[in-house]
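Enquirer: Spelled out from the first residue to the last, the chains are:
Number of protein chains: 2
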Amino acid sequence: MKIRNNGVLYGLSSGPGDPKLLTVKAVEVLEHVSVIAAPRTGKGHTMALDIVSQIIDIKEKEIVYLDMAMKKDLSVIEEIYDRHARLVEDYLASGRDVAMLSIGDVSLYSTFSYVAGRVKGDGFEVEVIPGVTSFNAVAATLGKSLTVMGKPLTIIPGSFENNLELLDRPGTKVIMKSASALGAVRDILIDKGLKDKAAAVADCGLPTQRVYRDITELPDAGEYFVTLMIDD
Amino acid sequence: MKIRNNGVLYGLSSGPGDPKLLTVKAVEVLEHVSVIAAPRTGKGHTMALDIVSQIIDIKEKEIVYLDMAMKKDLSVIEEIYDRHARLVEDYLASGRDVAMLSIGDVSLYSTFSYVAGRVKGDGFEVEVIPGVTSFNAVAATLGKSLTVMGKPLTIIPGSFENNLELLDRPGTKVIMKSASALGAVRDILIDKGLKDKAAAVADCGLPTQRVYRDITELPDAGEYFVTLMIDD
Chain A
1 MKIRNNGVLY
11 GLSSGPGDPK
21 LLTVKAVEVL
31 EHVSVIAAPR
41 TGKGHTMALD
51 IVSQIIDIKE
61 KEIVYLDMAM
71 KKDLSVIEEI
81 YDRHARLVED
91 YLASGRDVAM
101 LSIGDVSLYS
111 TFSYVAGRVK
121 GDGFEVEVIP
131 GVTSFNAVAA
141 TLGKSLTVMG
151 KPLTIIPGSF
161 ENNLELLDRP
171 GTKVIMKSAS
181 ALGAVRDILI
191 DKGLKDKAAA
201 VADCGLPTQR
211 VYRDITELPD
221 AGEYFVTLMI
231 DD
Chain B
1001 MKIRNNGVLY
1011 GLSSGPGDPK
1021 LLTVKAVEVL
1031 EHVSVIAAPR
1041 TGKGHTMALD
1051 IVSQIIDIKE
1061 KEIVYLDMAM
1071 KKDLSVIEEI
1081 YDRHARLVED
1091 YLASGRDVAM
1101 LSIGDVSLYS
1111 TFSYVAGRVK
1121 GDGFEVEVIP
1131 GVTSFNAVAA
1141 TLGKSLTVMG
1151 KPLTIIPGSF
1161 ENNLELLDRP
1171 GTKVIMKSAS
1181 ALGAVRDILI
1191 DKGLKDKAAA
1201 VADCGLPTQR
1211 VYRDITELPD
1221 AGEYFVTLMI
1231 DD
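Quick mapping for you: the protein sequence lines, in order, are chains A and B.
The first sequence begins at 1 in the numbering used here and counts up by one.
The second sequence begins at 1001 in the numbering used here and counts up by one.
Bound-form chain A, shown alone (with noise of 0.2 Å):
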C-alpha cells in the first residue's frame, strides 16, 4: 500500500564527468528535492556529488553520504545495501523527496538498482532519470562512432578475466572501469594484436581528463574511471 505523503526516491544520473552533461530533468530534480544521497568511496571521494554541485547550489540541500565498499563478500555487500535503503527511507517516511546520484547513467553497473529494489520492496515510490554514459562521452571525446552498421556493440564490465572471448566478437567493445585490474586488461589487449584499434579516456570531461590514443601508455592501476574502446 502506497501511502501518499511519502517521498519520492530518484535514481539520478551525473553523467560521466563534465557537469554540463546532466540533463535538463536532472537538474530540475536536483533543484526540487531537498536531499541529496551521494556515493562515497573508502577514500572519502564523492565523484558524483563533486559533478552535481558545480551545476546546482547544494549548499540548502541535506546530504547524506552512503560510504561504498569494495569488499567481495556477498554478506557484507547485502549489509551495506540494507543499511543504505535504511538511510534513504527515513527520509521518504518522513515526506521527503531523495535524489540518489550514480557516475554515468543510473542503469549501469550502478549500485543504485539494489538499493532501489529494497527502497521499492518497502512500498516506496522510485523513479529513475536516465543519463549520459562514459561510453557515450568516451566516443564523442575520441572522435568515433560506436558502432559499425548492422553490427552489435558490447558493453563489457572492468573485470572480465572470464571472458575473454568476448574481446573476440564482431562490432565494437567497451571496457569500463577496469580499476586495479587495468595493466592486465592493457596486456591482454596488446596480445591479441588490438592495441592499433583500442583507445582509452580516464575521467572523461573532468579537468583531470587525460586521453589515451595509444594503449601501451596506461598504467598497471590508479586510474579508476577509465574506459577503453575497442574498433571493430
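These aren't lab readings, by the way, just hints derived from the structure by calculation.
Note that the coordinates shown come from a computational prediction; the quantities given were computed from them, not determined experimentally.
For every residue, glycine included, the Cβ atom is placed at its ideal position computed from N, Cα and C.
Hints should not be assumed to be uniformly reliable.
[Unchecked claim] Once the Cα atoms are required to be at most 30 Å apart in a straight line, the calculated BS3-like pairs of lysine-lysine come out as: (1) B:LYS1120 / A:LYS151; (2) A:LYS72 / B:LYS1144; (3) A:LYS144 / B:LYS1177; (4) A:LYS144 / B:LYS1020; (5) B:LYS1197 / A:LYS177; (6) B:LYS1195 / A:LYS151.
[Said to hold, decoys possible] Some, not all, of what chain A presents toward chain B, calculated at C-beta under 7 Å: (7) VAL24; (8) THR147; (9) ILE156; (10) PRO157; (11) GLY158.
We have chain A; now place chain B onto it with these hints.
Expert: Positioned in the frame of chain A, the structure of chain B alone reads:
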C-alpha cells in the same frame, strides 16, 4: 589547413524523445548556433527537430532538412551523405556554426558519423555532444537495470537475422529500431523461449509512448522507434 573563420559542425544528441533529456550542453549549443541540420524521413518526419523545438525557440534558426533514404543501395546512400556534407559545408565555409541533430546519442547507429567523416576530411572542425540513448531511457521506464554485475551488455541493431546467436549471450541484450522486422524479431524471441525475459518500449518519452511488458502484443511492423530489452 584549418581556416580560422570557418564554422564548427556540432553532432547534437537530441536524446530519445523527452525534450528534458537533452543535456544542458546540448541546449547551450542549440541556443548558440544559427543553423540546425535536421534529418527528415521519406514520410516527412523530423523527429529530432520535433524534440528540440519543444525546449528551444527554433523560429530564429535556419533549418536545413537532410532527406534520408531507406535505400539499401550503397552507392545511393554514399551520394546522399555526400550531398548532406556539401549542404552543411556551405554554411561552415560562410563562418556559421551548424548543429546536426540525431535521435538518442550521436555515436550510436546514426548517420551523423558518415556526414561528419566527410566534413572533417574537408578540413572543417567537428564537435560531438553526447546524449542519452534510447536504451538508457527504456531501462528507466521499465524500472530495470541494464546490467547484471560482472556480465556484459549487448546492443544489437534492429536487423540481425544473421546474428541470432547474439541472443544466447550472457548478460542483458538490447535490440534497437527493428522497424519493419519487428514481427520477425518478436517471433524469434518467442521461439527461443525468451518471452518472459523480454519487454519493449516504443517512442520512449514521447506522448505516443507505448510500453509492451508482454511482447506477444507487439505488432508486425509500424513501430519505428521501438527498443527491446531482454534480461540475462
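Enquirer: Hints first: check each against the structure and report whether it holds.
Expert: How the hints compare with the structure:
{"no.": "1", "hint": "B:LYS1120 / A:LYS151", "verdict": "24 Å, holds"}
{"no.": "2", "hint": "A:LYS72 / B:LYS1144", "verdict": "23 Å, holds"}
{"no.": "3", "hint": "A:LYS144 / B:LYS1177", "verdict": "21 Å, holds"}
{"no.": "4", "hint": "A:LYS144 / B:LYS1020", "verdict": "26 Å, holds"}
{"no.": "5", "hint": "B:LYS1197 / A:LYS177", "verdict": "27 Å, holds"}
{"no.": "6", "hint": "B:LYS1195 / A:LYS151", "verdict": "24 Å, holds"}
{"no.": "7", "hint": "VAL24", "verdict": "5 Å, holds"}
{"no.": "8", "hint": "THR147", "verdict": "5 Å, holds"}
{"no.": "9", "hint": "ILE156", "verdict": "5 Å, holds"}
{"no.": "10", "hint": "PRO157", "verdict": "6 Å, holds"}
{"no.": "11", "hint": "GLY158", "verdict": "9 Å, violated"}
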